[in-house]
Each structure stands twice: as C-alpha cells, then as structure tokens.
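Protein chains: 2
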Amino acid sequence: MRIILATKSPRRHELIKGLEMEYRLTAYEIEEHFEPTLNPEVIAMFLAKKKADAFPEAIANDEILLTADTLVWINNQVLNKPADEEEAFNMLKLICGKTHKVFTGICLRSNSMEKVFYECSDVTCKKLSDEEIMHYVNSYQPFDKAGSYGIQDWFGYIAVEKINGCFYNVMGLPLSRIYDELKVFKKN
Amino acid sequence: MRIILATKSPRRHELIKGLEMEYRLTAYEIEEHFEPTLNPEVIAMFLAKKKADAFPEAIANDEILLTADTLVWINNQVLNKPADEEEAFNMLKLICGKTHKVFTGICLRSNSMEKVFYECSDVTCKKLSDEEIMHYVNSYQPFDKAGSYGIQDWFGYIAVEKINGCFYNVMGLPLSRIYDELKVFKKN
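Residue numbers (my numbering), protein chains in the order written: chain A, 1 to 188; chain B, 1001 to 1188.
Heads up, a few of these hints could be off.
As the list claims (entries may be wrong) - Here are the simulated DSSO-like pairs of lysine-lysine, each with C-alpha atoms no more than 30 angstroms apart in a straight line:
| hint | chain 1 | residue 1 | chain 2 | residue 2 |
| --- | --- | --- | --- | --- |
| 1 | A | K126 | A | K183 |
| 2 | A | K101 | B | K1049 |
| 3 | A | K127 | A | K17 |
| 4 | A | K127 | B | K1017 |
| 5 | B | K1017 | B | K1093 |
| 6 | B | K1101 | A | K126 |
| 7 | A | K17 | B | K1127 |
| 8 | A | K93 | A | K186 |
| 9 | B | K1127 | B | K1183 |
| 10 | A | K183 | B | K1101 |
| 11 | B | K1186 | A | K93 |
No wet-lab data here; the hints were simulated from the structure.
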C-alpha cells in the first residue's frame, strides 16, 4: 500500500517519511470554512474529510489517501493560521501562561473503506515577555502554523513546559494512532 | 555568556543549537557508576554533577558549563544504555504496553554559581509485536540511548502514545527549564 499525503506542511512531510511506508505528496487548495459553534474535534474531522472530498484524482487500488487538519483550541475558540504579525502576536499572548488543546482531525480513505478520527493533546506554555514573543514572530514568521507556533522550533523549546498527549499530534500528524489505523486498512 | 555543553549526544547538540545561544561542545569519558538503591532523580543529578566535576578545563568568566544525564525508570529500576541487541530487545519488551518515567539531571556551573536540578516526564508506550521490536533494534541500533529508544525516531513515532511532561526532557535536555535557569545565571 502507498499513502497519498495531501499537505503543504513541511512538518507533516518530515513525519510521514519516518513511518517507513511508501508515500507520495499532493497539494491543492480548499476553502477552510466551518461552523464556529461546532465542537473542536468535529471541526477538525470535518475539515480533514473536506480535504479528502476535494482530492482531484482517482485513488488507485493500492493507495490510501491521508488528509489532516490541525487546530488550536483555547477559551472556547479556534486559533487558525495568523493573517499577519499582529494576529500572530495576539495569539501567542493568549496562549502564554495557559494550557490549550491541539486537535488534529484525520481522514484515511481507500477505494474500499474510510476512517475519520481525531487526537487531542494538551499543551502548557509559560508566560513570555512581549519582547520574547515579538522576537519569535519576527524571526520565525509562523504564518503557516495553527496557533502561530511550532512545537519543534524555538517557541516549543523555550515556552512549552509540558505536553499531555501525543507530541506528534501537536506537530500535525498523530503518528502512533495513524500507524494502528493503517494496519486495519492493510488487512482489508 | 557562552554555554559549554558536555555531551557526545547528537540529539543534545541539535537541541542546544535551537536555543539561539552561543555554545561550544566538549566530550570526555567518565565512570557512570551509581548506587542503585538511590532515587532516580538523585541518580540523574548525581551523574550530571559528576560529569561537571570531571570537566578537564577551566571555565572562563563568560562561560557556563552544562552537563546532563538522562535515565529511564521502570519497575523501580534504572534502564541505561543497552550493551547489545539482546539487552535492547529486553528493555523495549519491558517498556512496551506500560508507562515509564524519564529523568534528566542537569548541572549548570559558572565561576560564581552552580545549579543542579532535574525534570521528569511520563512516557506511555503501546504493545508492539516481537517482530516490530526486532526490526527497530536491527535497523536503528539504539545502543547510545537510555532505555534503548529515541523519542524522535521510528519507535517514538509509532510506539509512544502519550507523554506527560516536557518532550525535550525525553530527548535529553529539558530546554524550557534550562532557558529559565540560564536567565538567573546571566543576572549574576
């Protein structure tokens, strides 16, 4: 079986490599609109499935399409990718000194079956000074990252005190769970 | 201030780079003997301090020596680096399907002060088949790793379901805590 990973994220690409499975990458645009009153896990799974529905090719019999959506949830609201430096600063100011949740919705689809699921991890960040947050935004330009930070870069190194849950889920792919779900696909 | 990181671990080298501080590396041998009846955090701090005591150079006035020791603790015993493939297999068999603790002891030392502390993270691994464990030992040769695994390689990807605590502590350096402790050194 070969995985088709639909993503523009270099982090997801890095992670899928480490699974030791055959894969190819694909990328295409979708509208990421959702109903903001929904629960975060429902939003993450809805967007993952929407990405699978938008896949513009046919899936071959030996292929499994993998689509994912990661979002940050804090104070009953979704933090998506920031539009500019001000929004990135405000998002980081909001998450510093608190625990937030990271949800990744996953859709796995072959020609014979589909599985949609999610993982949730708690991430606890310490308080940073405005200068530290500004330094991060200016130097790392985290505009392609939900919640404006990367757990695998300087912010993750210095500000994240604690995780409760799957680390790779926070990076964008809950690999341990995906590995198990893919075993079921291989059997079918 | 410049950090002197005493380590042979490529993972610790990778992590210290990301802190954005000036550093240099050093490596030398020490005897890693310890009293096995001690508590794990005491052992980790004892070995970190022992590495600092063995530093064969003088520390310059603008330098801070950083030494670290990471150990895996399960069933009231320390898992260190495995001697061979059989021991690596047995260690992984022991940790799979359970939660273990990873302790890193840290010693920071300048010419004017010293701080010794530790961090502890819980790591939950799923059950793997003997074939999966054997594949890991043969392909990844985890002989330089406490507990016989790397959280940042295939084992960490597929077998680690959950972490409770600092992820980078499991990789060998609790960066978020070290960043805060270094601020105190800079003030003094």
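(message) For A/K17 and B/K1127, compute the direct alpha-carbon distance and say whether it is at most 30 angstroms.
(response) Judged against 30 angstroms, a Cα distance of about 22 angstroms means the pair holds.
(message) Can you confirm whether the C-alpha distance between A/K183 and B/K1101 stays at or below 30 angstroms?
(response) holds, 28 angstroms
(message) Check the hint pairing B/K1017 with B/K1093 against an upper bound of 30 angstroms on the C-alpha distance.
(response) violated, 33 angstroms
(request) Could you grab the alpha-carbon distance between B/K1101 and A/K126 and see if it respects the 30 angstroms cut-off? (result) Holds - the C-alpha atoms of A/K126 and B/K1101 are around 23 angstroms apart, at most 30 angstroms.
(request) Starting from B/K1127, check that the Cα of B/K1183 is at most 30 angstroms away, please. (result) violated, 41 angstroms
(request) Would you mind confirming whether the straight-line C-alpha gap from A/K93 to A/K186 stays at or under 30 angstroms? (result) violated, 44 angstroms
(request) Compare the distance between the alpha carbons of A/K127 and A/K17 with 30 angstroms, and conclude whether the hinted pair is satisfied. (result) violated, 34 angstroms
(request) Would you mind confirming whether the straight-line C-alpha gap from B/K1186 to A/K93 stays at or under 30 angstroms? (result) Answer holds: B/K1186 to A/K93 is near 25 angstroms, not above 30 angstroms.
(message) Need the status of pair A/K127, B/K1017: alpha-carbon distance at most 30 angstroms?
(response) holds, 22 angstroms
(request) Would you check the hint for A/K101 and B/K1049, treating anything up to 30 angstroms between C-alpha atoms as holding? (result) Distance of about 37 angstroms is beyond 30 angstroms: violated.
(request) Given the hint that A/K126 pairs with A/K183, test it: the Cα-Cα distance must not exceed 30 angstroms. (result) Roughly 38 angstroms between the alpha carbons, so the hint for A/K126 and A/K183 is violated.
In this structure, the earlier hints numbered 1, 2, 3, 5, 8 and 9 are contradicted, and the remaining ones agree with it.
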